[in-house]
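Enquirer: So the sequence lines, in the order shown, correspond to chains A and B. The first sequence runs 0 to 203 under numbering that gives the first Met the number 0. The second sequence runs 0 to 203 under numbering that gives the first Met the number 0.
Keep in mind the hints are simulated off the structure, nothing from the lab. Any given hint could be a false lead.
Stated by the list, open to error - Calculated cross-link-like contacts (lysine to aspartate or glutamate; reagent style EDC-like; alpha-carbon spacing at most 20 Å): (1) Lys196/A - Asp167/B; (2) Lys21/A - Glu45/A; (3) Lys16/A - Glu142/A; (4) Lys170/B - Glu177/A; (5) Lys196/A - Asp161/B; (6) Lys196/A - Glu153/B; (7) Lys84/B - Glu60/B; (8) Lys196/B - Glu153/A; (9) Lys196/B - Glu159/A; (10) Lys196/A - Glu140/B; (11) Lys169/A - Asp134/A; (12) Lys21/A - Asp99/A; (13) Lys84/A - Glu29/A; (14) Lys196/B - Glu127/A; (15) Lys170/A - Glu195/B; (16) Lys16/B - Asp101/B; (17) Lys16/A - Asp161/A; (18) Lys84/B - Asp66/B; (19) Lys196/A - Glu127/B; (20) Lys170/A - Glu177/B; (21) Lys21/B - Asp101/B; (22) Lys170/A - Glu142/A; (23) Lys196/B - Asp99/A; (24) Lys16/A - Glu195/A; (25) Lys92/A - Glu195/A; (26) Lys84/A - Asp47/A; (27) Lys16/B - Asp134/B; (28) Lys196/B - Asp167/A; (29) Lys170/B - Glu195/A; (30) Lys16/B - Asp161/B; (31) Lys170/B - Glu29/A; (32) Lys92/B - Glu60/B; (33) Lys170/A - Glu29/B.
Number of protein chains: 2
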Amino acid sequence: MTRGSIFVISAPSGAGKSTLIKRLIARMPELSFSVSYTTRAPRAQEEDGSDYNFVSRKVFERMVRRDEFVEWAEVYGHLYGTAQKPLRAAQEKGRDILLDIDVQGHAQVRRRLPEAVSIFILPPSFQELARRLRDRHSDAEEEIERRLNTARGEIAHWPEYDYVVVNDLKKDATQALEVIVRASRFRRHTQAAQVEKIIGTFGG
Amino acid sequence: MTRGSIFVISAPSGAGKSTLIKRLIARMPELSFSVSYTTRAPRAQEEDGSDYNFVSRKVFERMVRRDEFVEWAEVYGHLYGTAQKPLRAAQEKGRDILLDIDVQGHAQVRRRLPEAVSIFILPPSFQELARRLRDRHSDAEEEIERRLNTARGEIAHWPEYDYVVVNDLKKDATQALEVIVRASRFRRHTQAAQVEKIIGTFGG
Numbered sequence: 000m001t002r003g004s005i006f007v008i009s010a011p012s013g014a015g016k017s018t019l020i021k022r023l024i025a026r027m028p029e030l031s032f033s034v035s036y037t038t039r040a041p042r043a044q045e046e047d048g049s050d051y052n053f054v055s056r057k058v059f060e061r062m063v064r065r066d067e068f069v070e071w072a073e074v075y076g077h078l079y080g081t082a083q084k085p086l087r088a089a090q091e092k093g094r095d096i097l098l099d100i101d102v103q104g105h106a107q108v109r110r111r112l113p114e115a116v117s118i119f120i121l122p123p124s125f126q127e128l129a130r131r132l133r134d135r136h137s138d139a140e141e142e143i144e145r146r147l148n149t150a151r152g153e154i155a156h157w158p159e160y161d162y163v164v165v166n167d168l169k170k171d172a173t174q175a176l177e178v179i180v181r182a183s184r185f186r187r188h189t190q191a192a193q194v195e196k197i198i199g200t201f202g203g
Numbered sequence: 000m001t002r003g004s005i006f007v008i009s010a011p012s013g014a015g016k017s018t019l020i021k022r023l024i025a026r027m028p029e030l031s032f033s034v035s036y037t038t039r040a041p042r043a044q045e046e047d048g049s050d051y052n053f054v055s056r057k058v059f060e061r062m063v064r065r066d067e068f069v070e071w072a073e074v075y076g077h078l079y080g081t082a083q084k085p086l087r088a089a090q091e092k093g094r095d096i097l098l099d100i101d102v103q104g105h106a107q108v109r110r111r112l113p114e115a116v117s118i119f120i121l122p123p124s125f126q127e128l129a130r131r132l133r134d135r136h137s138d139a140e141e142e143i144e145r146r147l148n149t150a151r152g153e154i155a156h157w158p159e160y161d162y163v164v165v166n167d168l169k170k171d172a173t174q175a176l177e178v179i180v181r182a183s184r185f186r187r188h189t190q191a192a193q194v195e196k197i198i199g200t201f202g203g
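Kindly generate the complete structure, drawing on both the sequences and the hints.
Expert: This is the structure in structure tokens:
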């Protein structure tokens, strides 16, 4: 059996990452999605164990002390983190697992799980990103400016990623993610157990 | 435009590499195939410039002195090599190019072109490799034993390759090669020029 791979997907806000991930999982239902831990309260319609694992600050801090997170951060007073155990469990079962995390989270994951495959989603241009954020009508202009500034800082991290996918509406970016996932099943790391078995038959 | 990638495909004799490469190019006619230089005489039906670039030893040795090869070797008194110039030309044109070379050639290519994507083709087992070599009826038993021994040494090099594809007849190994090629079009290296252009629009 081949080992499952861990995929990290990052993107600046407005690049369309969440939609792409939903479409990818619809096309590849064999993919698992990593559920983060958080100390913030669940919002309406959010389900514990599906959207997030909602835990108390005490539980979260104990997990930090026990080194159970591959990445964690405090954002606006709430803690968010990705636990290592479910990732390892998925890998052992040969299941590929997807992590939706930001560039800071990815920097932590790289150190802990250097074999993870990382993908950065880019908008086709700054103008297109601004247009998409404004079309949402949900954010005040000030908030949009803040997001665009954050995006500027985030895209500078693209060289830390294995793959870059431009979410251009004229191209099928979901298809791009799909071939990256499929190709990863033939990576040296993924195939190691199977290869060792074959090499065993050579009596070497 | 995205930059073309260089693919190195190696396999022990009998693993089915030549057939896989033929099928891959039939499915992806946009792929180029690197034509090696050799000092050996053309065989019947071999075409200069298509099967090999047939050159004199004098010409070949001058190319070696001018450092024009990314890899070269002497095999049974004949020189064989892969020139760098056509690889770079293909890359600049955005064309992916395939190199069919052995594990020694790959070791040289890795040093010269670290961004090349390498794929090792494995037979499903020693027994299956032996069966395939014997089924060809073309080789004497002594020659088959020699090939199997060489294969033993070659497969030890699998950890030097990015990808490992097992040529199991129950699975579609050509499809595996195809997704590896397609995924490579989204690698950081390949996308660099496009990404720089997008970053330019952020005024960063």
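Enquirer: Of all the hints numbered above, which does this structure not satisfy? Sort the numbers upward.
Expert: 10, 22, 23, 24, 32
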